[in-house]
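> Chain by chain, the residues run as shown.
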Amino acid sequence: MTKKTPDTKLLDELEDGPWPSFVTGLKRLANDDGKPYANMMKDLMGQLEHSYETRRGYWKGGTVSVFGYGGGIIPRFSEVAEKFPDSKEFHTLRVQPPAGMHYDTDVLRKMCDIWEEHGSGLIAFHGQSGDIMFQGCSTDNTQAAFDALNEIGFDLGGAGPALRTSMSCVGHARCEQSCYDEVRAHRTVINAFLDEMHRPALPYKFKFKFSGCANDCVNAIHRADMAVIGTWRDDMKVNQDEVKKYVAEAGRKYTIDNVITRCPTNALSLNDDDTLDVDNESCVRCMHCINVMTKALSPGDDRGASILVGGKRSLKIGDQMGSVIIPFMKLESDEDFEKLEELSETMIEFFADNALEHERIGECIDRIGLPAFLEGIGVEIDPNMINHPRTNSYVRTDDWDAEAEKWRERQAARHAAE
Amino acid sequence: MNEIKTTPRRAVETGVPDPFPYMHPLMVKNYGNWDWHDRLRPGVLHHVAKNGDEIWTVRAGTQRQMDVHTIRKLCDIGDQFAEGHVRFTTRSNIEFMVSTVDKVEPLIEKLTAEGFPVGGTGNSVSMISHTQGWLHCDIPGTDASGVVKSLMDKLHKEFITEEMPNRVRITTSCCQINCGGQGDIAINVQYTKPPVINHDLVANVCERPAVVARCPVAAIRPAMVNGKATLEVDEKKCICCGACYPPCPPMQINSDDSTKLAIWVGGKHSNARSKPTFHKLVVANLPNNPPRWPEVEEVVMKILYAYKDNARHFERVGEWIERIGWPKFFELIDNPFTRHHIDDFRGGRSSLNQSTHIHF
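These protein sequences, in sequence, are chains Y and D. All the letters of the first sequence, read from the start, carry residue numbers 1 to 418 under our numbering. All the letters of the second sequence, read from the start, carry residue numbers 419 to 778 under our numbering.
Since the hints were derived computationally from the structure, they do not count as laboratory data. Do not rely on the hints blindly, as some may be mistaken.
With a straight-line Cα cutoff of 30 Å, these simulated DSS-like cross-link-like pairs (lysine-lysine) come out [unchecked claim]: (1) D:Lys-654 <-> Y:Lys-316; (2) D:Lys-678 <-> Y:Lys-245; (3) D:Lys-575 <-> Y:Lys-27; (4) D:Lys-698 <-> Y:Lys-316; (5) D:Lys-720 <-> D:Lys-611; (6) Y:Lys-110 <-> D:Lys-447; (7) D:Lys-698 <-> Y:Lys-27; (8) D:Lys-678 <-> Y:Lys-83; (9) D:Lys-572 <-> Y:Lys-245; (10) D:Lys-698 <-> Y:Lys-339; (11) Y:Lys-316 <-> D:Lys-726; (12) Y:Lys-27 <-> D:Lys-726; (13) Y:Lys-9 <-> D:Lys-572; (14) D:Lys-646 <-> D:Lys-698; (15) Y:Lys-205 <-> D:Lys-528.
All of these numbers come straight from a predicted model, not from anything done at the bench.
Chain D extracted, bound-state conformation (with noise of 0.2 Å):
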């Protein structure tokens, strides 16, 4: 037997990184001092520092989950047309920055020609903010790199244009945690099948307490199946949430086709004017259909054209419908508005309309 040569390496405990030995020198001189900032084109910002110094940055869509030969592409493009530093958006877009305007158009040209879309600034859509789905996730509905490869084919004219009235922030997420997060569209799995449950593994594989918790409407409970300890649930009950599947992956809720998808509406981020939402349910039971998910395709331009044909400047989806009232958003993207639209969980009840403010 061999002796074991080295004991392990003991972690330096670094934490956050510090981001100014990364950060473009003038973004280090100038932190804390920017004056104002405009947008030469779409997918370009210019920023003005207090003293004067101006910095341009150029923003460009990525598929996020990228290959090392991609990553070196964009590290040779920022070497060559840039100045070597870059940094990613919340929304994995990849921005260069530059001191001088006239590296702007050689920039956008190099990334367009290398099938980076430079945009996403301004009242454009941006990318797809997504999970990880079938590629990576353990309780994945759907494969949200998929879904956003399709949808962000469809959208690229409008994340490389900023002709929206405001900007749109689409989302989706592979199970009903959403990960993906709020939305002006959201594409989420909706799941339509109480769990389907191996009783010989439950004891095995969960903590059957902890999985009783997790239920949000008290359905599932202990029982006895052929002499072994597991969980039933109670069907009627039973939302369909997906919530008892992560502790417990022998209650699997997925399945070829009761995982459906749904699409909402109306999440928002920023403060800027109203105040931030939650986004609301449009319709559900789409297919999950790959790989290229054209029902949620369809729904999802009916509802971005409506808003681009519609809205009034600077209003956000939510913002939107909150003044042309539910009623017209659904007459106009022809889509039935059903029982399932009305919020009967907890607190629903303030969802309801106690007014006789009625749009006509």
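The shape of chain Y in the complex, shown without the other chains (with noise of 0.2 Å):
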């Protein structure tokens, strides 16, 4: 007997308007009598009406993963699996997107095909870590979801305390502001770890992002442990022929009033036959007149990417945004790359040694100070780290001498370099 699609009256008027519905696609699913997951999303519909009405969530975890991996999926049990029992395991597969996200038709249908056999046949593009969400699968179809997946070229994402999924923009492949390849820093780093993703040993998260510019388009900054943002260190490259045009075209104040002086370090001036006056010195290469000017201005020659670390939402010490642990560095060669397989490896591993249970290394930081953290990652201090040096009087500085030493040296060494 088909069994009955719940009345779900409030999700219902989620139904109407001109933004695509994700009830009705609920609806579909519910409705592909025959099929193998229909009965599941009834009663996920139901449950999830059930959720409208009484304002609760009704979801709690567990333990489910599949053969050789401690992560991954996300469990889901009902609490209410009495009233709504085929969807009583709804749990996720989080799956790792190929770097940029980019896919082809082929693939999208291959998964349709895989998560209509084996799951509810519901998929979000994408969570906010990332990954491809694979969302509603009972648990003995887990493992043969998993397989059917990994056929075809991809694999389980992070959960837990772990390493995480990871994000790049598009950068490289379509974004002439890119300033380092982003997939191969992305497939670089987290494909060196994967044992960390897949097998939950850290003290809490650890998440990598990958954006190509100051725009920063994965959010890495708020968002990431470790944030590689693309830069350069050479002058910006300026088309005066283009910049004419631009000032022709969208006129002098205009240009002044949204390029000149939204400059946030007064780097930029307009000449009197309106071509474009850099202060490269002064400027921080944040985008900002790059974006608007897009055919005018672009990034230099000498890219690579500054590292920040230590972002994070609230939990538990309140919000922290990376900041700056590596100025600049090269990303070019493959010797560049491995460096930054080399600082991602110190990083972990740092973050394994030091962090207490349930710590980011934001938190970690904020904990032992960024002097000491420098010092456990071998990193050489830099003004660049700091909007400006301490303001408290609460220092020893008996040693002072020696540490100024110290910096004589590493300038030295570093013009000696040049």
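Two chains, each in its own frame: build the complex with the hints.
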């Protein structure tokens, strides 16, 4: 006998309106009688309607994994399974997307076929950490679903106290502002530490994110334990003919109000002939003028990345952004990418060895102080790491001369290398 | 008894998939060699490579949580009207890439006809990034998908046009962990009552020292209730953050009337012009009112249109408020300023006005 689709008076109201409705999608699946997921989705809709009525969630966690892995599945067991038995298990498979979230229709169709056979037919592109979320799988089907996805080249992502799934922006694939090969950086770093992702053993989560420029399209500074943000250190490139064209078209006042005076460090000036004067030593590579004058301005040629460490949201000590740990590193040669991988390894190892349970690396830095952290990871201090020097006098300075000498030696070594 | 016929298949730990097999051929060919871009109209990007190659991208909104029929429909559109290659943005928009400009209009028409709004580029309101909610999360206070659907219905016009002073990034989160992230406008669950503890279950379900350690204000301590080892909360100290609830589900933080929504403004990820910022509290205690959350919608619209009407070109919401000052902002959106807006947590004093810079 066909199971009845539940009445969903409240959810039905979310079918109206111009934006695509997830409820309509859920209903389509619930009404796919004959498909293996139809009854599960009927009860899923029933439980969701129940949540809308009572304003409460009814899922609890548990332990579900696939052979050889300790993470990557988000187990969900219903607390109201007696009322909605066919969706009593509704686990999610977190699956890592291709770097840059590129797909062809063929692989998307294959994913649909797999999820129609083994899961609920509901897929989210993507979760907030970047995973493709295959939502809704019974415990029994989890292994088969993963096997099928793994056969077409996809692997589980991170969950729990582990290296998490990463994201990279579209970058080199379609963006002229991209300052390093994001695909290579993303795959090099994450694929080197898959053991940390698949078998959770860290103090807490650790996230990498890769943005090709300071526009930070994957929100790395706020959300990543280690953010790799593209930048350059030589002069910004200016095509003065295109600048003139832009000024002629947009108007001089508009250009001054929206480009010149919006520079955060007053590094721009419009010349009397409508060409642009750039004070590159004052420029902080914020991207605003380049965003506005896409044809006239572009990043310089000496490109690489800034590394910021310690971003996270509120729990437990309050919001933290990543802060600069490496002001600049080249990201071009094989050797450069090996250095990035080594730095990532150092970071993960330091985190594993020194963070307290359930402490993110930003909180760890907060607890021990940046100088101790830098000493721990073997990185020299740099004035680009701070907004300003300390304002309180609570510091012991009797080794000042020795510390100053270290600075002089480093500067001398740097000048010798240049 | 049947013998177990097969041992489980051992995973091939492939990690992050190589995107090049899926990428549009023009993107593969010009990888790292793009020169400039412009936008033909809202929802359409036009990129030109250094060798003169051109590619057009049409961006459309999705419901993020998609049934296989929706995904297949998008694939059909991708095959018939585009060139079989797509990508998703950070905000769950889908992008179709085409190699000739004449394919752009028919693709837009088809997407629009099938109910996928084309837009989300430039100075628009893009799709709201959001979390799982009642559909799937184990600790949700609300259903972000429903909040987002309700708001995006109202914001549809602002998605398909580029009429905002700068881009607007809205986020929602179903608990104070804030998986939705920072936003120009953020709609987040804000609990208002301390957890209600089921003392019969704590000892069996929760690792008590770990739960004690999670509390940001040290309000949780071990206790014995009816002869059972459990935890208790000093309700005078408790800030109702919900941090104890994930590691200890018997400390229920949600209820049908105490779980509320708060709205925050001025979060910014980009480094363009000003440094990245966190969002700041505007209003709390809004009812968690499914299926359409009208009270939330009203405040979001008020903020959004005050911004649209008053901000200068390229000012993000936070940058606009920075210029006009918080007194003016609260006046413009007719919102009370309360003691709860003043940060009294650790480090909060740095958010006070330590100057005579006063807006009159």
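> Look at each hint and say if it fits the structure.
Each hint tested on the structure:
| no. | hint | verdict |
| --- | --- | --- |
| 1 | D:Lys-654 <-> Y:Lys-316 | 19 Å, holds |
| 2 | D:Lys-678 <-> Y:Lys-245 | 52 Å, violated |
| 3 | D:Lys-575 <-> Y:Lys-27 | 26 Å, holds |
| 4 | D:Lys-698 <-> Y:Lys-316 | 18 Å, holds |
| 5 | D:Lys-720 <-> D:Lys-611 | 28 Å, holds |
| 6 | Y:Lys-110 <-> D:Lys-447 | 26 Å, holds |
| 7 | D:Lys-698 <-> Y:Lys-27 | 38 Å, violated |
| 8 | D:Lys-678 <-> Y:Lys-83 | 27 Å, holds |
| 9 | D:Lys-572 <-> Y:Lys-245 | 38 Å, violated |
| 10 | D:Lys-698 <-> Y:Lys-339 | 38 Å, violated |
| 11 | Y:Lys-316 <-> D:Lys-726 | 35 Å, violated |
| 12 | Y:Lys-27 <-> D:Lys-726 | 37 Å, violated |
| 13 | Y:Lys-9 <-> D:Lys-572 | 21 Å, holds |
| 14 | D:Lys-646 <-> D:Lys-698 | 42 Å, violated |
| 15 | Y:Lys-205 <-> D:Lys-528 | 42 Å, violated |
Hint compliance for this structure: hints 2, 7, 9, 10, 11, 12, 14, 15 are broken, all remaining hints hold.
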